[in-house]
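Asker: The residues making up each chain are set out below.
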Amino acid sequence: MDTPLTKPLHPEFKTQPLLAAVFPLAESDARAALRQMMLIRRFEEAAEECYMRGSIHGTMHLSIGQEASAVGLCLELRRSDLITSTHRGHGHCIAKGADPRLMFAEFFGKDAGYCRGRGGSMHIADVESGNLGANGIVGGGIPIAAGAALAIKQQRRDDVVVCFFGDGASNEGAFHEALNMAALWHLPVIFVCENNKYGMSVSTERSMSVPHVADRAPAYAMPGVRIDGNDLLAVLQAGRAAIDRARGGGGPTLIECETYRIRGHSRSDRNRYRTKDEIDAWKARDPIAAFESVLRDAGLMSAADIEALRAEVAAEIAAAIDFAAAAAPPDAADLTEHVYIAA
Amino acid sequence: MDTMIEPTAALRELSYADAIYEALFQAMTEDERVFLLGEDIGVYGGAFQVTRDLFHLFGGERVIDTPIAELGAAGVAVGAALAGGRPILEFQFSDFATLAMEQIVNQAAKISYMLGGRAAVPLVMRLPAGSGTGAAAQHSQSLEAWFGHIPGLKVVQPSTPHDAKGLLRAAIDDPNPVLIFEHKLLYKTKGHVPEAPYRVAIGKAAIRRAGRDLTIVATGVMVGRALEAAASLDAAGHDVEVIDLRSIRPIDRETLVASVSKTTRLLIVHEAVKTLGIGAEISAMIAESEAFDRLDAPIRRLGGAECPIPYNPVLERAAVPQVDDIIRAATDLIERGA
Chain E
1 MDTPLTKPLH PEFKTQPLLA AVFPLAESDA RAALRQMMLI RRFEEAAEEC YMRGSIHGTM
61 HLSIGQEASA VGLCLELRRS DLITSTHRGH GHCIAKGADP RLMFAEFFGK DAGYCRGRGG
121 SMHIADVESG NLGANGIVGG GIPIAAGAAL AIKQQRRDDV VVCFFGDGAS NEGAFHEALN
181 MAALWHLPVI FVCENNKYGM SVSTERSMSV PHVADRAPAY AMPGVRIDGN DLLAVLQAGR
241 AAIDRARGGG GPTLIECETY RIRGHSRSDR NRYRTKDEID AWKARDPIAA FESVLRDAGL
301 MSAADIEALR AEVAAEIAAA IDFAAAAAPP DAADLTEHVY IAA
Chain A
1 MDTMIEPTAA LRELSYADAI YEALFQAMTE DERVFLLGED IGVYGGAFQV TRDLFHLFGG
61 ERVIDTPIAE LGAAGVAVGA ALAGGRPILE FQFSDFATLA MEQIVNQAAK ISYMLGGRAA
121 VPLVMRLPAG SGTGAAAQHS QSLEAWFGHI PGLKVVQPST PHDAKGLLRA AIDDPNPVLI
181 FEHKLLYKTK GHVPEAPYRV AIGKAAIRRA GRDLTIVATG VMVGRALEAA ASLDAAGHDV
241 EVIDLRSIRP IDRETLVASV SKTTRLLIVH EAVKTLGIGA EISAMIAESE AFDRLDAPIR
301 RLGGAECPIP YNPVLERAAV PQVDDIIRAA TDLIERGA
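Protein sequences appear in the order of chains E and A.
According to the UniProt record's numbering, the first sequence is numbered sequentially starting from 1.
According to the UniProt record's numbering, the second sequence is numbered sequentially starting from 1.
Isolated chain A (complex conformation) (with noise of 0.2 Å):
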């Protein structure tokens, strides 16, 4: 019958992973310039199958298996990107870029700045990280604050599939370094991704859900785990805005001062370890700004145990914080201030 309706086309989703491959499919088409390097990133497909079959459709000039040596192929993407390429890196896990950090802090972040901005290093890092696998120790770790006290270098943390692959093209964009933390949990998580390119802008954050009581900045892989307290939440009566960080560095100072002096409680959440980490940095910088005379209980940080990450599931679970952890800390704040 003509009079029928249509049925609205569903939104295109796809994987966290496949998103950056798609990211990644779309600037390599655009720009020959684009290429990839990495350990087993070629037939193999990459660790977490991110670069899949780029390989045979792009040639091994474009999608180049390194040897095991990170900190040469770190040197290798910086010289190209200084002589007119534009690699994108892949650190298989996020814990062997240490094997790599001269190249990405000496001269990565700094041959802008000590060339008096007469070069410019356009190369983006991929690096999967965090724990939850079972990889224990050495291929779990949280380092993204380490990169993110680095002046030069841009550190970003996408959590969802739309974000993965807009925050990836705006890296590919950008005439900067930039550091991507790709959580390990989120590349099979599923979303709406919009098959033409776009960019998320880096440094901004998102409101994830708006509310009234309480403010949760949550980055990678907590910012589920916060929308999933909040929902618990809401049925006990309390309003939680959820901020996804996205950005480490620049951190998005504006979209979090109005958040917390709007809800006048904060509470942040991220996996790496709480110790001089992110959490700090963002609660030293509520205390320094006007969302500070507006609190009405103190800044709370969830955070990483003081532990590596261990093996053991029960162990590995209880060094990183779960919805539970958010719920208890959240409640205990909005209580407190009542």
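The shape of chain E in the complex, shown without the other chains (with noise of 0.2 Å):
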């Protein structure tokens, strides 16, 4: 189904063909890139084995698969720049700048973890690094993310935010009145949909009236760009452009990026809604497989350069794990600490 509501995004956020596009990164970047995204994968999947073998509980919601989408977005802001994350919000975490260790010890309850044990995994956030928290609640930190923008602007600061959310999210009440404030008010935030085609168990054409998430830019009169959110460069260019964009006082743009969780939704999830031709079909397209490929046509990183990174990678998680391990509990006498700040 091709409406015209897909036609009239912004002419200036079309893609480039990514082989007529210089390559957009320094080296050290793109080395830089690689191994955040590597470093997201591996934490994930420790932490699916963690899960597994019981040392931490409750849930998780994986965002193995969407690694692209995370990196490509942070890669481009400065520390003093914010986003709002996702209950799938991991990568974001790392992104942005998080400490693996402080992670884990969050997921197993320590004391010493990020949230000092009372968030876990959907609440995890690191406000020192300019993340404001993922969220239990779908679409709960969009307006959040406007107010951020709000405050930035007041205090005449050249930050941004950036608001990740999903297809699910875009249904929300909330996605509507923070996408119409934000582009009504001018307000430095970038709204990056990673459309991994479910919301749950339904599909974005069981549940959306447009085909594209980007679609619903247009209601808001801002852009919205759709591109390849498994193509980290596709990702880099896109981001750049908004967020150079929302700096220079331009207002925000929604970008979709197209992806998909090769994980269930959580934990309980039997994958009854999907086949497995298309959870192979997009294990095919695995973003970090492709970006590593693209280093090694390009001449950046050799084979042995890329798998020493990964060893690396799996060095620092497996240090994490351990940090996390012999950390301290907290105190059940300290329960209702932090249910208030003291004044």
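Wrong hints could be hidden among the right ones.
Distance condition first, Cα-Cα at most 20 Å in a straight line; then the derived EDC-like pairs of lysine to aspartate or glutamate [unchecked claim]:
1) E:153 to A:32
2) E:197 to E:286
3) E:153 to A:65
4) E:110 to E:337
5) E:153 to A:252
6) E:197 to E:269
7) A:262 to A:252
8) E:283 to E:228
9) E:153 to A:31
10) E:110 to E:99
11) E:197 to E:228
12) A:274 to A:324
Derived from the structure by calculation, the hints contain no laboratory data.
Could you fit the two chains together into a complex? Lean on the hints.
Answerer: The structure is reproduced here in structure tokens:
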């Protein structure tokens, strides 16, 4: 289905064909980007292993297969820029600069964790590095991002806010209310939809009245751009344009990153709503493998460099788990601490 | 003649609405992080004329008319508070906060805790509430107990112009989300309000009238009705203590327990629906306290009837406690245990 709504994307935001583009990253940045994606992947694989072994309880939502959107956007951000994240937020948190040791400590419920063991995976945050937090409510972070952008604007800072959310959140009222206000007030916020095709089990075809989330941008007079969310360089280019625009006072942009979560929605998902063929087809579009081949082809990293980096990342995650396992648990006597901030 | 005594300067009086205005004006003058957002609070001056000319004095960046989008506006306020702003969000009617429950209950109330105390949401919400204006079921509710049930929120209900100013200023200073329920019938009432900025501590009840025979704990507009009832009861020889609860969360347990221990009888009066209300909480609090053994009569509650607020003025009056209801209940309690 191709309705007229898909056509009026803002011309300045059409992604350039990759081959025609100058390679948009310095060598060190390219290596850092790959490292961040590998770190997220290994972090989540290890978190899943810990969950299986019973050292992490509750639930968690893995973003395996979606690493490029988190890293591509955050690569362009300063530490003083802010992000809001989602229930599937491990990647955003790492990409914005969080320490995997403190994230694992949180997942293990330890006092040394980012949330002192009160939040867990679904509320992971690192305010110091500019992550205002994951969110257990679909769409909950979207108006919060607009509000943070409003405060930034009032304070005459040139920082921006990147608001991550999923395709499901674009059906929430909060999305529409926030985009309207952000556009109305020219707020420095970039709305980044990671469209992974499913809101839990219901596909976008069955839940959205338009084919693409980006189609919703024209309703709020903001540019809407749809990109291959598994292509790090495409994310980077779209993100850079939107971030520059927001930083320069040009207002918000909606970026739709088409991607896929390889794992189920959460730990309880039995994958009854999608086929193995579909999952396999997306596994073949793995964003990390794709970027590795870009780097090899460009002569920026050899296969041996890449494997060495993978080993380095695996060692960092193993050390993070050791740190978390050894950390002290919170004291139940402090149960109600932090409900209120002391005046 | 130089021996003439100067007349004592009359205490300065302001209306409840003007007292709130003054607190907003002073806070905005002193702290540029403080800003207002809400529906029709700009050139219109607010549905109840509380923000008046603040739009002209401080400009559209600090007095922001939001679209009619309560959920989004509440989220914007939460985000601004997280990023260093000091937002004061006016809900045009407290009933409309039901549209923003997600942001108030799941986000504002919990962010500090979920993040282990590493983030604060210094957000003030003003909510015009209550019945008596003929606005019927969707513009007349008293929903304060809903919010009082949520750890992480603070909830206050000023009953005088003095407290309207002082509690608002305390709320602006507070690093936590605070909801202020302002009864619409109180906006035009007048009382003494010092001009210089001051704070009324959140979490402290006020003894409005000391007495020996019965404690009446009242909230919001019911404080005035309880005092009126107490004056009548006094004429009949009954000495009633009236406590203005002022703060729903936290509740001033100490003042309540001490008062009931002294008077040995308790009547709780609020406008919100009686079932599962603040009266039930206070009643249980006393039953669980050392005051229980001192009781000479069962605890009694007066609250809103089991119906939405109706339009017809006779029905509307019947839906919430009136002075006569308080006098009857109080007399019954005092005579029962005598």
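Asker: Is residue 153 of chain E within 20 Å of residue 252 of chain A, Cα to Cα?
Answerer: violated (40 Å)
Asker: Are the Cα positions of residue 110 of chain E and residue 99 of chain E separated by 20 Å at most?
Answerer: Roughly 15 Å separates the two Cα atoms, so the pair holds.
Asker: Is the hinted pair residue 110 of chain E and residue 337 of chain E satisfied, with a Cα-Cα distance of at most 20 Å?
Answerer: holds (15 Å)
Asker: Straight-line Cα separation of residue 197 of chain E and residue 286 of chain E no greater than 20 Å?
Answerer: Holds, at about 16 Å.
Asker: Has the given pair, residue 153 of chain E with residue 32 of chain A, been kept, meaning a C-alpha gap of at most 20 Å?
Answerer: holds (13 Å)
Asker: Within 20 Å, alpha carbon to alpha carbon, are residue 197 of chain E and residue 228 of chain E?
Answerer: Roughly 13 Å separates the two Cα atoms, so the pair holds.
Asker: Residue 274 of chain A and residue 324 of chain A were given as a pair; does the straight-line alpha-carbon distance stay at or below 20 Å?
Answerer: Cα-Cα ~17 Å, so holds.
Asker: Is residue 262 of chain A within 20 Å of residue 252 of chain A, Cα to Cα?
Answerer: holds (16 Å)
Asker: Could you grab the alpha-carbon distance between residue 153 of chain E and residue 31 of chain A and see if it respects the 20 Å cut-off?
Answerer: Between residue 153 of chain E and residue 31 of chain A the Cα gap is close to 16 Å, so the pair holds against 20 Å.
Asker: When you check the alpha-carbon spacing of residue 153 of chain E and residue 65 of chain A, does it fall within 20 Å?
Answerer: holds (16 Å)
Asker: Does the alpha-carbon distance linking residue 197 of chain E and residue 269 of chain E stay inside the 20 Å limit?
Answerer: Status holds; Cα separation ~15 Å.
Asker: Does the alpha-carbon distance linking residue 283 of chain E and residue 228 of chain E stay inside the 20 Å limit?
Answerer: holds (14 Å)
In terms of the numbered hints stated before, the structure departs from hint 5 and from no other.
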